[in-house]
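Participant: Let the sequences and hints guide you as you build the complete structure.
Listed here are the chains, written in short residue letters.
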Amino acid sequence: MAEEKRLMKGNEAIGEAAIRAGCRAYFGYPITPQNELTAYMARHMLDLKRTFIQAESEVSAINMVFGAASTGARSMTSSSSPGISLKQEGISYACGADVPCVIVNVARSGPGLGGISPSQGDYFQSTRGGGHGDYYTFVLAPKSVQEAADLTYLAFDLADKWRVPVLILADGLIGQMMEGVVFPKERDPSSLPAKPWATGNQYKTHRPINHVTSLNLMPLELEAQNNRRFERYAEIAKSEVRYEEMNVDKAELILVAYGSSSRISLGAIQAAKALGIELGLFRPISLWPFPAKRMAELAAKGKRFLVVEMSKGQMVEDVRLAVNGKSPVDFYGRCGGVIPTEEEVLAEARRVLGK
Amino acid sequence: MTEKTFIAGFGGQGVISLGQLWVYSGMKEGLEVTFFPFYGAEKRGGIARASVIVSSSEIASPLVTQADSVIVMNEDSLAICEEAVRKGGVLIVNSNLVKSAPRRSDIRVVKVACNELAEAIGDAKFANMVMMGALSRVTGAVKLDSFEAVLRSFFPESKHKFIPMNIKAVEAGKKAV
Amino acid sequence: MELAYGHPKSLKPIQTKYCPGCGHGVIHRLICEVIDELGLQERSIITNPVGCSIWADLYFDFDSVQPPHGRTPAAATGVKRMLPDHLVVCYQGDGDLAAIGTAEIIHAANRGEKFTTIFVNNAIYGMTGGQMAPTTLVGQKATTAPNGRDPGEAGMGYPIRVCELLGQLEGTKYLARGAVNNAVNVRKTKQYIKKAFEAQMRGEGFTMVEILSQCPTNWGLEPGAAVEWLEKNLIPFYQLGEIKDKLDGAAAPVKEAGK
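Chains as they are written, first to last, in our numbering: chain A, 1 to 355; chain B, 356 to 532; chain C, 533 to 791.
Because the hints were derived from the structure by calculation, they are not lab data. These figures come from a predicted structure and were not determined experimentally. For every residue, glycine included, the Cβ atom is placed at its ideal position computed from N, Cα and C. Accuracy of the hints is not assured; some may be wrong.
[To be verified] Simulated restraints, written as ranges between beta carbons of each label pair:
| id | chain 1 | residue 1 | chain 2 | residue 2 | range |
| --- | --- | --- | --- | --- | --- |
| 1 | C | Glu-696 | A | Asp-47 | 32 to 42 Å |
| 2 | B | Ile-518 | A | Asp-47 | 21 to 31 Å |
| 3 | A | Tyr-203 | C | Gly-661 | 31 to 41 Å |
[Unchecked claim] Each computed DMTMM-like pair below joins lysine to aspartate or glutamate, with the alpha-carbon atoms no more than 20 Å apart:
| id | chain 1 | residue 1 | chain 2 | residue 2 |
| --- | --- | --- | --- | --- |
| 4 | A | Lys-204 | C | Asp-617 |
| 5 | A | Lys-273 | B | Glu-413 |
| 6 | A | Lys-293 | A | Asp-249 |
| 7 | A | Lys-204 | C | Glu-736 |
| 8 | B | Lys-442 | A | Asp-249 |
| 9 | A | Lys-204 | C | Asp-568 |
| 10 | A | Lys-5 | B | Glu-387 |
| 11 | A | Lys-204 | C | Glu-574 |
| 12 | B | Lys-442 | A | Glu-344 |
| 13 | A | Lys-195 | C | Glu-574 |
| 14 | A | Lys-5 | B | Glu-503 |
| 15 | A | Lys-195 | C | Asp-617 |
Facilitator: Next comes the structure, spelled out in structure tokens:
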């Protein structure tokens, strides 16, 4: 029997999903608008006799994750934009050392201290690596509390499967709003994948020693190591692309949006329908890997696009790369923590269509 | 059916719990729901606002900009609340604390003496529940028929002693409109 | 015939990259001798720092984790919390611990994290080429303090006594300072390490052994002269001994023989 639907904040749902996914260690530092997540983990991880530490900084928190995950334990940290900037060093090391972990960004507006209202201004940082060196992190963008839970649960599996850090890119809206959510069932710890590369417990198997490190001072060796990682990235790009589309066949114009802005776009699409205007929605769920192939197909069919973001225009660059000049790509965005309204988006779509 | 509601008041009036209980009840009645609070940097006092939506289909933006119904709990919130109502929508006013008259003529205005009715039950802090009863009756979006069971699962055990008062307040609100 | 003394099992039998006269090699050996004596080789994990001892994972024959510069205690926290029955050695230099990683060491110590920090203090940055460290003495020259460390006009601050600083924190249970300048101090340092490791395995709280160590290359001295310089300058400023011992299951204090 399916579990009962619960009314929960996005922040808390992410926490509960992580616990059910078998997260054994959580490390966090207070920052708005994700504080409920850290508090949720404090309450529940301690009750479950798992590890919770309020770290002295976001920097320490990600490095505690690095240490815990190095032993093979499912580990997570969360923060909001300024704190995620601080974590970039640790994320780069985790990528370089192939340490799987989950990082949640309940994004707010920037740059700098910016504001605490929802924003999608961290798209570049999330999808371009974010720290130093050649790497990517998996980026999953939920649109609802239910999806925040589902994607967090999935993130732990993807991290382990591909030995990469997985970033959940939510925002203050997803984190703070409450919706109904049904959780996936608690993972049986014995069902989790083995991690022969992890440190610790050598005495049980007498295996050769394991080093978890990103260091390699031999350029040719390091290049080969990076190449192997990029071969994995290519596999990910082939098999792990996720997106949702709606009414794209009939649409005169396809709105492209992820996370919160896809919800607003959906409202604009519904309002357009009432006016006899057919709009479609293309919603990337995995921002990296980006669903470029499908976008290119739609462009080849002559579809035109309006990208809607809560930023000055970041994902629009990926859309333009995917479309490669084959069809027009327009952009509408608000930033600074302003959430665009359905009416604004509809007006922009009508302007683009000349209707 | 989709009912988009905007609620505003000041901190301590129970605006947030009104919104949460409204969507929780809606969820228990089988609806899709979303509750999005305005969150500020201040932790006490100040404004309290929330967007709440209940619907029989997937909900688009959680942010209510063209509200079907608006609840205004205090005088200071009147201006912003009046703006938020869509043409033909309803503005429900706590008439004990909102003394000015709304200016718009293209909306329906319903007045409920929330504080007075709550005090008659025993405590002004149930004014928010009186308002919820009124919202239920005016919009019909959430019926609040099996409200007691909903309250039992919403509140922790330690607060169950307040359930009868909550129910009375909701009933009083329903009757007032 | 019984072998009285040999190469520690948990130290790989290879030549290190360390400079002639460097203290790291001796310190590595001491750690490994204690690990062997406690039978913990397959239950040990070292978090090795950015700095000369970044190469520690080439030499120690057990698992390792290599965190970013200064974050060693944070990573060691993660490792130890997941593997409480393992020996976790958080190896740090003076730049890693007392400069870039100050927040991490203070808070790991204050939480009473149950790993052992081996803090190698040679009063200079080694790998990057002789820059001023937080532990550089007043007047000591460095490439970034060409006229000597000047806390006055140049505003270079004062050398930090880490054991004494951490000693104020209730989470710290055992803090000792040794040196590897002569056989007596080497032996005593080994006893400190053993006491700290045993306390860790009993789960007592934060333990640290600071070790004054020679860096002839960056001090601009021959190995022999470097030992003399350490004795004449570092030891008088950084008092040797058990700075704090609040261990419950405490063994007798390490004897101050040879003083």
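Participant: Decide, hint by hint, whether the structure agrees.
Facilitator: Checked hints:
no., hint, in the structure
1, Glu-696/C <-> Asp-47/A: 32 to 42 Å, "holds (39 Å)"
2, Ile-518/B <-> Asp-47/A: 21 to 31 Å, "holds (27 Å)"
3, Tyr-203/A <-> Gly-661/C: 31 to 41 Å, "holds (40 Å)"
4, Lys-204/A <-> Asp-617/C, "holds (13 Å)"
5, Lys-273/A <-> Glu-413/B, "holds (15 Å)"
6, Lys-293/A <-> Asp-249/A, "holds (16 Å)"
7, Lys-204/A <-> Glu-736/C, "violated (25 Å)"
8, Lys-442/B <-> Asp-249/A, "violated (33 Å)"
9, Lys-204/A <-> Asp-568/C, "holds (17 Å)"
10, Lys-5/A <-> Glu-387/B, "holds (11 Å)"
11, Lys-204/A <-> Glu-574/C, "holds (8 Å)"
12, Lys-442/B <-> Glu-344/A, "holds (17 Å)"
13, Lys-195/A <-> Glu-574/C, "holds (17 Å)"
14, Lys-5/A <-> Glu-503/B, "holds (18 Å)"
15, Lys-195/A <-> Asp-617/C, "holds (19 Å)"
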